[in-house]
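Those sequence lines, one after another, are chains H and G. Heads up, the first sequence is in numbering that gives the first Met the number 0, so the first residue is 0 and it goes up one at a time. Heads up, the second sequence is in numbering that gives the first Met the number 0, so the first residue is 0 and it goes up one at a time.
Keep in mind that the hints were calculated from the coordinates and are not lab data. Careful, some of the hints might be misleading.
Derived pair list, reagent style EDC-like, types lysine to aspartate or glutamate, alpha-carbon separation capped at 20 Å [to be verified]:
(1) K33(H) with E494(G)
(2) K32(H) with E492(G)
(3) K33(H) with D271(G)
(4) K365(G) with E115(G)
(5) K311(G) with E494(G)
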Amino acid sequence: MVWPLKIFLFQLCVTMGLAAIFYIIWRVTHPGKKW
Amino acid sequence: MSKALPLVIAIAYFLVLSVGVSFFLRKKIKSGSDFVTGSGKLPWPLIVAAFVLAPLGSGHTLSLWEASAGMGASVLWWGIVGGGIFVPLFLLWFGPWFRRLNVKTFPEGMGKIFGERIGWLIAAVFPAQLIGICIAEVTATATAFYALGGGEVALKNCIFLAVGFTIIYIVAAGLMQVAWMNLFNAIMLVLGSFVAVLFTGSWLSGPEHQGGWQSVANFYAEAGTAWKTSITNFSPDVVFGIIFPCLILLVFMCSASQAQCQPMLLAKSDSDVRRGVFWAAFINSMVAYPWVILALVGMTIPAIYSLTDAAKLSVPQVAIMALPPWMVGLLMIALLSATLSTTSGLILASSHIIVNDIFKNVVNPKMSEKTFLILTRIMILVCAVLVIIPALKLSLMLPIFFWTFSFAIPVFGVYLIGMLWKVNRIAAWTTILAGYAANFLWTFSHPTWLPEAISNNVVYPTLIATVLFGVVMNLILPGAPPYIRKLKAEAQEMEAGA
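In isolation and in its complexed conformation, chain G is listed as follows:
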């Protein structure tokens, strides 16, 4: 029983939370709009929760602790870049811009600025891209179920379990449910993971291990890798494999992601978006910390570092070794809070784009609110099923993230140019298509003479093509004034009218 106890605790927690929140919100969702916008009346703590857990999935947890086996504690720059740069940029600028566009999805916003056809292209690409990321997240969720559950449930069944919990995370009340569930889960994420680090510290000083935290530092020093316990090791691997890709991906991809934009629809006002910026920065950055520390401890234990898949299993193994079963359950809840919230947000975002931008805007503009609601729920189930099959086959996670994330780079580049510099449709089309061409070219024939961190990462050529074509085409071609001016003028007119 003790081996299965963490799994039982985690399943019970998510079942009770999902059913409880669904029951609490059951009467608040009256239309399709309520389902995908959460009625737009929520205060800032719920906006912070809905926003901050969306990009905070296996990239901040499993992928980072896995990468720390090779790069040490410096992988935590991922958290710093996310919390210290991306979060303030989004909550203070990009989020309020999206609200002022007065649209429901990011592709719809692009259509408003550059013409509806560009909106259709993005509406066709983005759901596939979001589902690609979702596959990696489901795999991470299943790994959490499997490894922290002591291998009691087969990995294949863990994938079904992960998808099942994703569906019940959103299907009853959509975005409002995400906000409330994320509020509880953000607390559990911080609490569960940090308490696990404290417990591990006392285990390291206990009779079984002895030597405390210093013994871990000594192990790395004796192995000639003392830099692994330092966050200021700026090796080329860390700079080009973690810091730069993270900066590009979070700022350029997440800012264009519907999963990030949709929590903005929940807010009562722009002020409610801004007010949680310091909390969001803190949570987004610091939740990466406990997993990396636990992984660094795990990789000093012979029974763990000698395993075939040691880097991936380090945290579950050290947790099972050092923590009591109830604490492993709490850690599992923390990890699942990160991955399930991201997966759910991605599935909801994909379903929303498909139903709003394709079924409604293109096929049936007179679609009723009731049909919209039913179709969105059906699409949630369809997207969830689409995720299962590739998730059963996936072995690499970080490259999948980079590849799928990079599809948003040219889109956000074009958006930024249109908002701040100039609006030209030909330049927009050329830049997006050039970015995608560079992506595919690099994917299928990347140069082997470059350092591995660059040649294996499709983010760099996509960004270079975006910047090059975006700047050159807009320098050559004339265009309308920056769109932000139009939005500001509209806002001033409204204020004057009020």
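In isolation and in its complexed conformation, chain H is listed as follows:
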């Protein structure tokens, strides 16, 4: 795998992973609230 692709995948996964963690925290702290 070429280095720009490695960087791309790493950046994408870390960013979306962090966003997903915040999403889960929001869901847990706001039960029943409309998304």
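Model the placement of chain G on the given structure of chain H, informed by the hints.
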């Protein structure tokens, strides 16, 4: 003609887009409120576009590719922190809080929580702060016009061009125009910059260069700087010069910025603010990527790295070398989409604060909607002119960002304490003034014995003073319950009433 072609393509695109969107929206703006709130009826894709391009300017593009010359690909943590932390925090919590305050500007909200005098102070400081950031953004926009246009237009004229395009980005329909323009520009930003990376990859494998992406990695390995092609190089420079400042600035400054808060006024509901969170995170983070990759390629080419201002010119130079003129035009549109959207948002935010918080709330509370609209448009022109003169003289960009951004740190610190812990006006005043005092003290006499990444960065002392005074003063003094409780109670009352 081929040298000027990218410039012609970019100018034509922004002219057509600005005039077209202005024409399309001309009848939708009937009052001053419509102009600054976009009527509050837009769906989530437009909220994402208006929100995500606001903090995404030269900090994500030009400053990062410049910094990558010294720190390598790890500067992309700026994008990760922005997209992965700041965006979700704002769209899921801070943005909806601002909407619940039921105000039009952030200083007005602070006035509601801590008393109108604190709102006046912030309304006086914030426009100057936003214009400071705007100066850096205009310089970046002008550099994009100049460098990608092959130097066909003098840099001074490029600054006038940048300011002219900023004005037509907002003057017809204000915030609603920003939302629509940003929607098109977000697409062009992602498309233009990523396609440029693909083109550069095929150029690297072509007869002119040969060796493909591996040749770039080999160059850095032979120079003993193989870490430049890795995103996991956590040197002190990267940690204290990029990751921490970015985290502090985006969370503490952008969350208090009117440029970030104003897109929240566009939304039909809180749900429309939240729903675009993953798209916004993706765009905010990933658009930094192509510029850094192109810069890393540029700095391996002898004709580029031997230039005097190589770090700044690396991307335009590699683009002119590797891409066909129409593609350079597309890349220019991408870069200008980032910087022009930010500049326009900042000018609109400054004008809105001046007219709403000073002219209307302080001087003439009975101001008519028509006068409000006229005054806001006049202030857009005044702010644009104020930006031109310093932009002609500016040589450093990242330090200007840090300095101007840091003025919002104590304000957001106080806001956060008031929302979640306790409301005390004396503690709020003391914390804000202590933060500003630390800022000025460090600016004019920073200690030289500290590592450069810390001693040259005013963000750290301002944050320390904010935390120290904010926590200690609120521990000592009594206060009203956290303001979020009041907002929740109001929301529940409204729901019960409905």
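Checked hints:
1. Straight-line distance between C-alpha atoms of K33(H) and E494(G) comes to about 14 Å, which keeps the hinted pair within the 20 Å bound.
2. Annotation: proposed proximity of K32(H) to E492(G) holds, straight-line Cα distance about 16 Å (limit 20 Å).
3. This hinted pair checks out: K33(H) and D271(G) have alpha carbons roughly 10 Å apart, not beyond 20 Å.
4. Taken as a hint, the K365(G) and E115(G) pair is honoured in the structure, with Cα atoms around 17 Å apart against an allowance of 20 Å.
5. A distance of roughly 54 Å separates the Cα atoms of K311(G) and E494(G); the hinted pair therefore is violated under the 20 Å criterion.
Of the numbered hints given earlier, the model fails hint 5 alone.
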